[in-house]
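Residue numbers (our numbering), protein chains in the order written: chain A, 1 to 430; chain B, 1 to 399; chain C, 1 to 291; chain D, 1 to 436.
For the record, the hints were derived by calculation from the structure and aren't laboratory data. Keep in mind the model is a prediction, meaning the values are calculated, not measured. Any given hint could be a false lead.
[As the list claims (entries may be wrong)] The calculated DSSO-like cross-link candidates involving lysine-lysine, where the alpha carbons are at most 27 Å apart (straight line), are: (1) C:Lys123 <-> B:Lys38; (2) C:Lys123 <-> C:Lys207; (3) B:Lys394 <-> C:Lys271; (4) C:Lys207 <-> A:Lys100.
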Amino acid sequence: MTTPVRKEPSMETQKALLAGYFSRLARAKEDKRPVVYTFVPGNLAELLGAFDVAPVYPEVNALQSAMRQRSSDFIREAERAGHSEDVCSYVKCDLGMMMKGNVGPTGEVIPPPDLLLLSFTGCFTFMKWFELLRDQYDCEVAMLHIPYQGDGEITDEMRRYVVDQLQREVIPKLEKVAGHRLDLDRLRERLARSRKAEDDLAWVFRAAQHRPSPIDAYFGGVYYIGPIFTSFRGTDEACAYYAELRADVEARLAAGEGPTTPSGTLSDQKFRLVVEGPPNWTSFRDFWKIFHDEGAVAVASTYTQVGGTYERGFRHDPANPLESLADYCLSCYTNLSLPARSKVLADMVKEYDADGFVVHSVKSCNSFSAGQLHMLREVEKLTGLPGGFIESDLVDARYYGHSNIKNRIESYLQMLAARRGASRPTEVRA
Amino acid sequence: MTTSAAPALALSDDLDELVAEIEARFDDLTLSRVRAWKDAAPGRLAVGCLPVLAPREVLWAAGALPVFIRGAGDRIDTIRGDAFYQSYICHLPRSTLELGLLGHLDVLDGMIFPNTCDVIRNLSGVWQTTFPQHFVRFVDPPQTGERATAAAFLRADLDLLYRDLCARTGRAPEPAALAEASEAYAEAARAMAALAAARLAEPWNLPADEVYQLRRAGDAMPPRDFAALVTAYVTAARGRGRRAEDRIRVCLVGAFCEQPPVALLRAAERAGCYVVDDDLTLSHESSPTAPRRDGEPMASIVHAALTTPRACAVRYDEHGAAGATLVERVRACRADGVLLAAPSFCDPALLDQPRLTGALDAAGIPHTSFKYSESSGQFQSIREQAGTFADSVKLWGTA
Amino acid sequence: MQRLTCAGIDVGSSSIKVAIVDDDGASAQLRTTVVERIRRRDPRVVMRATVDSALADVQLDLGDLAYVASTGDGDVAEGVRTGHFYGMTCHARGGLFLEPRARAVLDVGALWARAIVVDDRSKVINSRMTSQCAAGTGQFIENIARYLGVRLDEVGPLSLTATRPEPVSGICAVLAETDVINMVSRGISTAEILRGIHESVAIRLAKLLRSAKATSPVLVTGGLASDAGLLRCLTERLNEGGRETELVTHRLSIHAGAIGAALWGAFRRRKLDAQRAAELSGPRPPVAPSP
Amino acid sequence: MKVFLGVDLGSTTSKAVLVDEAERVVGRGITNTRSNYDVAVEVARRDAITDARLAMTLGLVGDAGAAIAQAFWVEQDLLRLERLRQTCRAAAAATPGEGPRLAPTVDMILARLFDEADTLFNAEARTRGSFFRDIVGARFHALAEEVCQRGAIDFERLLGVYDRAILEAENEVIDASFDEMFAAAIERAGVEGPARDAALAAAERAGGEAIDLAGFVGTGYGRARLPFPRDCIRSEILCHGLGAFTMLPQTRTVLDIGGQDTKAIQVDERGLVTSFQMNDRCAAGCGRYLGYIADELSLGLHELGPLALQARRPSRITSTCTVFAGTEIRDLLSVGEKREDVLSGLHRAIITRAMSLLARSGGVYDELTFTGGVARNEAAVAALRDMVFTHYGPRTVNVHTDSIYTGALGAALFAKRGVPAEDLDDAKKECTGCSA
Ligand SMILES: Nc1ncnc2c1ncn2[C@@H]1O[C@H](COP(=O)(O)OP(=O)(O)O)[C@@H](O)[C@H]1O
Ligand SMILES: Nc1ncnc2c1ncn2[C@@H]1O[C@H](COP(=O)(O)OP(=O)(O)O)[C@@H](O)[C@H]1O
Ligand code: SF4
Ligand code: SF4
Ligand code: SF4
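Please construct the entire structure, taking both the sequences and the accompanying hints into account.
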């Protein structure tokens, strides 16, 4: 079913981008670049880029720590300092890292912030997180309140409100730490570059409509979104990366090949799945392997929409820079209402001709998880397909139960196979 | 106007009868009294409000009774509600859904979901699909403190809500009605302040479980009726003439969106504490005289919402003063210590705890903390903890 | 100061402990300790028998005692006790009486485990208690011992002889039994199984201590203090990663709660007497503590 | 006869079912999974084959059949009892210091057990689903108590001997020839004259037909450890769904409460699973919970249900943990609550958890089939009926007499339908535990 692991050019590029980011970050103070901490969903990368500040994404640090098996230590440290077992592990991982000297995932020290840009998109815990950070750093905080699309739409009031806050709160504070005024043209240039990369990324995700799918839109997808969800959006580097990625995928598509996975290329795809929810980072490869071993490929995922719904059609618009940033923040996946999220999932199942969908619920994240069981039922109703449900955590290894997840995934896929078998009697065995 | 009529509530001045009345109201999970209120006059609506910040004046002015929904505690088995939530999510949304699925909330015409946390935020979506007959509204009061942009946004939202509700009740969206509603709630708040003061002075006469159930009774009462009930209770309870026991005075602090079971309050008091202050029913605690701005009632309401009087975990702590505020409160009510309680799996409340305990430590105020769930039926560990805490304050004094 | 003879009754979920002390205000002396397992009998009856047997030891009557303090499930001692103190208060006091250097007390009983951080006056600074899951306490070990046909007092020594602990995956105190039975059939020695169980309990206890921010040295009290196998695993766990935590125990650890209660009883008696003396000249003081 | 085997290796019991080519059940076997998985599977499998053969034989016998069948199983249990006598002697001898004192007592108790064999191992015990271990254990217990009251022998010691001995005795596959046992059974049943000859002839005729194992599938909690090739393993969810659906074709919702897990399964009109939820790793709410409580109260498992049904005012049990519930009931009993009320509360507590799981899996559709060992408990069934009605309105709730075999039946059906012959040949080469 599989062939040996192959490295593709875009993978190397992605890795280099990330490494470059952390070493530039470590030099930020020498380079006299102000440091701004902010979050991935609703991050204002182009605006930060226009000010040439160095952004830090605490969630990215947390997930990188987890993939390097360091998160458990950090979480323990935060719990020792009085944090509850119950709360979001991203927060604890980040706080623990800070308590242990703020040494980042690459071993370089992450500089303290000059500004906490609390873009409060799609997650309430962000706010609590920054309250805790502010106690430690005693620096300027810019609070950007992104209203939730609770009633299912973005109203003019919401958009105006966000733009207003950008103008009166965020930009002035950035101007203060950066020491210069905003150059609107630079912002526009960046937005134009974002748009170009977004086009390529969306094309890559859409390629999963082919059979076999040349990509894995969940496990592979999280690598693809790395640059565009963080500081690289709006840069030439990102444009180059996405062009390269697209070329790689085009080549696989032409060759009729499936995605490259840590356990080899998955071309013999027995199940096409849509996945909801973030992955587990502490056992990322083992987690992926469960799907791989069953011949299951993710053809679409919602996690790859948390930092921008490009696959669903969102594009930055250089013509209306602030409105476009506002729309970007308002439209991130976790800022959608539950019925809207169910619809995204159902649409994905249909558009990508999936055999089923799996909800991965993580203990940490109320923003994602609270209501997922309801979504499961709703999507089942909308698509007529059964859904699978598994649970673990983002970066807290204690909550990842491999055999349990494996058992559930296997049972789920056998169930899909049995249903398929019932309509095609010769193929009872999956 | 029906809402401004004098209280129709006939109240006894006998304490036992009052307490029975309070308990009956607290236990009225099927909202039969709300139904009676609605039936008493045409055009009345009842709208459920989830914690914490619901625009109750706006509802009341439009002729809709705000009914605060704070889960069902340990009073029903959560069965179907559990189907909606994984084990690592707090209990409140489950029992709230269970109430809905059992038909107990059928009397409500709609539900308001204020942005309290991600769980309640998402519950609004669950509600939209599960109870399509309800008018469901999500309100997102800005967390940014009082800024012109925030006020304008909230104002637009509330204006719209007011107009929509009035369209349903058939009233004119008059500012005067808003002013009258604010006044009615101010009256309730004054009664609440008197209640707090009385308890502070003689906690042995106003036990925590009674005071709490009284406030919960107010969750589903017209504001002036509630004020009358509170006032009657305070008078009667003060006359109870109990003797003070050798107990310590504590503040009970938490997020208190999900409420602890009443038995937990009893367990804490029996373990040797007097609860002299708590933040159990947050939404009732607005300041007694809502600040008016240029005489324009909606502006006052918006202003009050943005400058919430009481710090709590689900509001952004703009000035980083949550700890200092708590220390002040403890000192103001001459408490010997603080019981920090938080619902299990409640991110806002639990993330706040280390910040609060840090401030208490710095101020030399003893404290202990525990988690609970509204449905827990076992208080052994809470009794142990509160008891040990009381023991140690008693044996060693405050420091 | 006058010497007071006081008793402490610790009503646990599996056994009842009684201690009698002489206290002269400055120092105290242990007169006797008695422990009796409840074994599905009426706790009130067991309590009374245990108290009587302790009194017989020192040849005193109930009436000779200056104060009888209950702790644990104190209601059981109604009719005998003078007053009540809470479990952690007593374990702290009794713990420091047994080991004055201790700065944390870990009480592991049949159903609960408590980590108690104390100062040198045995004041409780911080504490944590296990929740509603028995997967880390005495009953768990007891169940396993029963399945293995091992007497409780053999459990510790056996576990110490194990060389390769067998990890127990089923953390549940009830379901672990299946794992254990299966291990038996795979030919794994009793010692190794017990060691595996001890490891899994130790992980939980270490976590409890950490979350209470316990400081060294830690005195283990309660029934499991006599389980040397558990103590070894816990010591290893606590000192993982170079953290230096000294774990100590005492022959009378299981009596810490009862001893503490007796000592607090004496303390309270003096306080009440002083108040009574003052009463002659001043206003009425508050009533006795209400449990 | 061509047969297909389904094995459900559960956490507490191992079940085997044989179906023929018409998908009719021809044999069942069950044993408890206390100790060794391989042995448990092997015992269940052999029992199922023996059962099939016995059924075939008795089909030819006529009236005397029932008596012979009963005697047959008694014979089988006697073989194991003999093994137990040996292991008990060894265990007694190995008890440090006390060996010489214990041995005669142990021997005496076992002799009593042999005497009581006909009543001990009667048909009722079998239909109640009590296993050798439980039956013998309970009686040993009682006899030991009697003995210890009189003499100076330590009760705990005596039980210790039994606990060790039974482990070993159970861990053996007892090899016995069908024909010999059948002959002995005729003897035991007191069948004589022409009836005896007819029975012997039937055995000979039936013995002529080979039982040909044409396929097998394993499932259950311990399925990963079954000595079966991967292809012959099916998820227990699918097996329970199909099994329940086949027993009762109107089934749309299945609730299975086994020893260590609870499953709520929804199936469509073809018996295919559409959604499921599982609860595991915590004994609260599973069959083991009841077992634990039965131990606490010194009752037999089968006594719990009937007792609970006598309750008038069920107690409210708040502990979620099995162990804590154990203490809670002791507390409740000590403050004077009635045993039946407490038990009723416990059953309700279990079913409440199951109801949550059902809700989570999508609800309760008509009809609901309750399977697994706990479905044998009348009080659990009553509580389920009650709560289903409260929360979902009128629904049919089925409990099939064979419900404990649901998973194994599903597996056998998968074996019949699913695994093509050529694969099976391969499989047979790898498979050691199951070559017929
Ligand atoms: N020698 C021993 N070795 C191991 N465990 C023991 C020993 N003696 C008692 N225990 C355990 O200690 C527990 C009782 O401890 P105790 O502190 O008296 O509990 P409680 O106060 O809850 O009754 C029992 O569950 C038993 O398992
Ligand atoms: N005769 C009986 N009466 C009541 N309950 C029973 C009876 N037999 C078995 N049980 C219950 O069924 C459980 C075992 O169920 P089973 O479905 O065999 O589990 P598993 O498949 O996990 O082995 C036991 O734990 C017990 O609680
Ligand atoms: S709750 Fe979810 S979105 Fe929020 S910080 Fe945690 S992981 Fe991120
Ligand atoms: S209890 Fe906490 S987590 Fe739950 S709904 Fe309330 S604020 Fe949110
Ligand atoms: S896991 Fe076992 S010990 Fe823990 S709560 Fe569940 S039944 Fe109790």
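How the hints compare with the structure:
Annotation: proposed proximity of Lys123 of chain C to Lys38 of chain B is violated, straight-line Cα distance about 56 Å (limit 27 Å). Only pairs whose Cα atoms come within 27 Å are accepted, and Lys123 of chain C paired with Lys207 of chain C is accepted, the gap being roughly 22 Å. Straight-line distance between C-alpha atoms of Lys394 of chain B and Lys271 of chain C comes to about 11 Å, which keeps the hinted pair within the 27 Å bound. About 19 Å separates the Cα atoms of Lys207 of chain C and Lys100 of chain A, which keeps this hinted pair within 27 Å; it holds.
Comparing the model with each numbered hint stated earlier shows that hint 1 is the single one that does not hold.
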